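K.L.:
Note that the protein sequences, when read in sequence, are chains A and B.
Quick note on numbering: the first sequence equals residues 5 to 489 in the working numbering.
Quick note on numbering: the second sequence equals residues 5 to 489 in the working numbering.
One or more hints might be untrue.
Stated by the list, open to error - DSS-like cross-link-like pairs, simulated, lysine-lysine; straight-line CA separation at most 27 Å:
#1 K361(B) with K320(A)
#2 K378(A) with K378(B)
#3 K452(A) with K441(B)
#4 K378(A) with K427(A)
#5 K303(A) with K361(B)
#6 K360(B) with K337(A)
#7 K320(A) with K360(B)
#8 K378(B) with K399(A)
Said to hold, decoys possible - Chain A stretches covered by chain B per the calculated footprint, using a threshold of three residues with CB under 8 Å from any CB of chain B:
#9 333-339
#10 342-348
#11 364-377
#12 420-428
Please keep in mind that the hints were generated in silico from the structure rather than gathered at the bench.
Bear in mind that the values here come from a model prediction, so they are computed numbers and not experimental data.
C-beta atoms are modelled at their ideal positions from N, C-alpha and C, and glycine is treated no differently.
What follows is each chain in one-letter form.
2 protein chains.
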Amino acid sequence: MTVSNIYAVILAGGSGSRLWPLSREIHPKQLMKIDYNYTLFQSAFMRLINCVDDKNILSVTNVKLESQVRTQLKEMQEKFCRKSSYRVITEPEGKNTAPAIALAVKYVEKLQKDRNSKEDPIIVVVPSDNLILNNDTYCETITEGIKLAQENYIVTFGVKPEKADVGLGYIKAKNNRKIRAVAPNGMKVEEFVEKPDLETATEFVDSDRYYYNSGMFVFKASVMMSELKKYQSDIYNIIKHAKISSQTPTVAYQDFKEMPDISIDYAVMENSKKLAMIPLKTDWKDVGSWEAVYDISEKDDDGNYLMGNVLDLDSKDSLVYSTSKLITTIGLKNTVVVETEDAVLVCDRDRVNDVKKIVSHLKEIDDETQYSHKTVYRPWGYYQVLNTGNGFLTKCIYVNPGAKLSLQLHHHRSEHWVVLEGKAYVVKGEEEFELAKGESIDIEVEEKHSLQNPYEEPLKIMEIQQGDILDENDIERFEDMYGRV
Amino acid sequence: MTVSNIYAVILAGGSGSRLWPLSREIHPKQLMKIDYNYTLFQSAFMRLINCVDDKNILSVTNVKLESQVRTQLKEMQEKFCRKSSYRVITEPEGKNTAPAIALAVKYVEKLQKDRNSKEDPIIVVVPSDNLILNNDTYCETITEGIKLAQENYIVTFGVKPEKADVGLGYIKAKNNRKIRAVAPNGMKVEEFVEKPDLETATEFVDSDRYYYNSGMFVFKASVMMSELKKYQSDIYNIIKHAKISSQTPTVAYQDFKEMPDISIDYAVMENSKKLAMIPLKTDWKDVGSWEAVYDISEKDDDGNYLMGNVLDLDSKDSLVYSTSKLITTIGLKNTVVVETEDAVLVCDRDRVNDVKKIVSHLKEIDDETQYSHKTVYRPWGYYQVLNTGNGFLTKCIYVNPGAKLSLQLHHHRSEHWVVLEGKAYVVKGEEEFELAKGESIDIEVEEKHSLQNPYEEPLKIMEIQQGDILDENDIERFEDMYGRV
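Could you put together the complete structure from these sequences and hints?
P.N.:
Here it is, written out as structure tokens:
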């Protein structure tokens, strides 16, 4: 059986800083359920499996997000009984979309070669952080894009703009220049303008020739490579020499570090003469800022969107979003309030794009709340630090059914475990045994140990660490089912 | 040595609901350090010890706050090397100021009688929730008040009003009617108006004859009793028949329940013809609402008061107060943001008096955040619930040096303790032993136990409760150093 030469790449490495404090560097918006049953990334995946051969669906992410992306793909695989194990391309660090796409193109070329195919692969690139609510015509539109790409166009997908959004790119269609032959809805593109100022964006919205750029693209691998060579030679030169194995597609860290931090929009789209555009007929929404979340939310009669444990008195046109504690609001106007376990944002709705500035500042001062949530996700489940003090740290650890933590030891801390829910299977030195609910055990410094949950119920344990150095990096791994040794 | 017949009573039973979420029913504002080294209650106490004989200083509070009030008094006693053990009068439940003052008057009469004194005692009543920043003339003014009280006046203390505050009472001085004979600054009072509407309050501030009521009073016991009899006979009748022991001054719960929930201002001051007033020369501030806290705080150039872990971008005229997590604010105007471990308030500064409505509503729906903080104070220290789940509850427990929890047992839960900091002395069934840092122990259901800290370092333990019923009321006490058996 021949495999199609159509590939799809989901870009899943973004940090979504304008949705802080909900979105974090190591748990960004595309990996979260904003208001639905699936994460935005999973929804992007679901749309694609109907248009592209399973074996040809890839994701690009960075090393910090890799295990979450794999876990979310595994969930989808089980849910939809798909046999493919989806490929994840892992960047050594998070860069922007141009390096990510270049890496994906190079990898797809390698896959094609390994399959002894001489065909030029066609690649559908989709972001993982959009909300697309009406999918009926999605595959049809993608298929039309593929036809245009075969004619050597770089195909973009445009969305009729509703308001002047300075966080988006705009595509100007050539007047009445449809490419009727292969794609009845396709249009040539006159220009591509990434993130215009407010005045320009307002003009664009008033004109009927401008469209939002949806962030989806279709192109031939060779066409994208030649455009990168022409307009972004530093990326091209690094990618050209990158060693790619089809098992673990990587670029050496040192090489990747040299990559410019640039989006595909600035790197290629603003320059390329090969752009075409197809209008998207689906209900496409950017979820780029809290204002965008406000836009897509169902408001009450006072224009408020109140989510979670919220008690309001007389507020208007506000978004209030609680994930843990009670938020009470009185007499607010046009305000965004977002609460997470370790940070609160209170922001004038007209200033939501400045959340990015806050996040940059937090990054500068190395504030944890920029990087991670109090809940930290791992391939085997997740944990929450409950409190810390002089020589101790306590965690609540959640281990998924069937999962196990690596066989490991710590040089500077002892651990005391108490089973709160479920049962644990424990390796402690040379011994192995079951630990029932309510039972406890001590793991000494330098003692090899492993915490496992081979049972069907989730396992919850309390861990009390004691020692002079209490650091996640104090870990020596011997065996790990997630390849982290 | 004869003891003076001048007494002082600190009212310390209020709930301070307009300062929610910082102030809670069982940890109200007067027992908190708002921005200073001492709590407001302790500051009120410190002012009095220079004017009134130690032995004659009493506090009135309610049963929920009693142990905290005693702990705070003990701290002051140790700090200032005073020998007196101060008396705390405990109401069976929190009512308003009229029942509290009536109870105090009755108790002082009883004390005088026990001392075989025939003199009519004079009582200085002070609130515990004001901020008085310049105390130089405080005792002088009180002493002048005492002289006027001896002339059978009920003496109030007025503060020149700065702005129309609808949360306060106003005293109108009789035109030029000074009582020069005994008190050069004393004036007769024309009327007393409790909590006027905004229009009326504004007129009052514009006139030079109105003063804020500071909430401090001086009167003869007999005079207050006769005024209560005249204007508030239901309180008078209950108090007249109340049984008072000089050791533990109490009124039977059933009697006290009948007391009307009314302030001394409405009950007596608005009616009495015996009022006099002395202007306070100290810098007196009400700390009744978040607006009042904003008023007394030192603002930056943008009119902001930012306290705790706060990161702001371009806000103006706002108060942002964090007690635990990071708060970020962008472009706020005239807004109050207050964060505590379990609740956040975001409120237009013009609406701060409506915080009371929120608290009433939370009380109606039995929301914990109205009643207590996540940190719960006990006579031996305090605890925090870290998390709860199916059949378990975890707590971090802090035991003060020298303190011990009662000898107790639980019918429905087992407990597992791990020492995080310090050392514990544990009674478990018939055994007694020391538990060092890092060590752990299991307490079974129905097993008698006690946790003690006879050492000099504070003790911190992690407690993991397991059982079908996890309730603070599942406790049977056998011995308790705080009289809670």
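K.L.:
Could you run down the list of hints and mark each one as holding or not?
P.N.:
Here is how each hint holds up against the structure:
Using a Cα cut-off of 27 Å, the hinted pair K361(B) and K320(A) holds, with the two alpha carbons roughly 18 Å apart. Pair hint K378(A) plus K378(B) holds up; C-alpha atoms about 18 Å apart against a cutoff of 27 Å. Note on K452(A) and K441(B): the hinted pairing holds, with a Cα-Cα distance of about 22 Å set against a maximum of 27 Å. With a CA separation close to 24 Å, the supplied pair K378(A) and K427(A) stays within the 27 Å bound.
Restraint check: the Cα-Cα separation between K303(A) and K361(B) comes to about 24 Å, which is no more than 27 Å; the hinted pair holds. The suggested pairing of K360(B) with K337(A) holds, with an alpha-carbon distance near 20 Å, which does not exceed 27 Å. At most 27 Å may separate the alpha-carbon atoms for a hinted pair to count; K320(A) and K360(B) meet this at roughly 20 Å. With a C-alpha separation of about 18 Å, the suggested pairing of K378(B) with K399(A) holds against the 27 Å cut-off.
Residues of the region 333-339 of chain A lying with their CB closer than 8 Å to a CB of chain B number 6, which satisfies the three-residue condition for coverage. For a cut-off of 8 Å, the count of residues in the region 342-348 of chain A with a CB near a CB of chain B stands at 5, and the three-residue condition holds. Counting residues of the region 364-377 of chain A whose CB lies closer than 8 Å to any CB of chain B gives 4, so the stated coverage by that chain holds, three being the minimum. With 4 residues bearing a CB less than 8 Å from a CB of chain B, the region 420-428 of chain A meets the requirement of three and the coverage assertion stands.
In this structure, none of the earlier numbered hints is contradicted; all agree with it.
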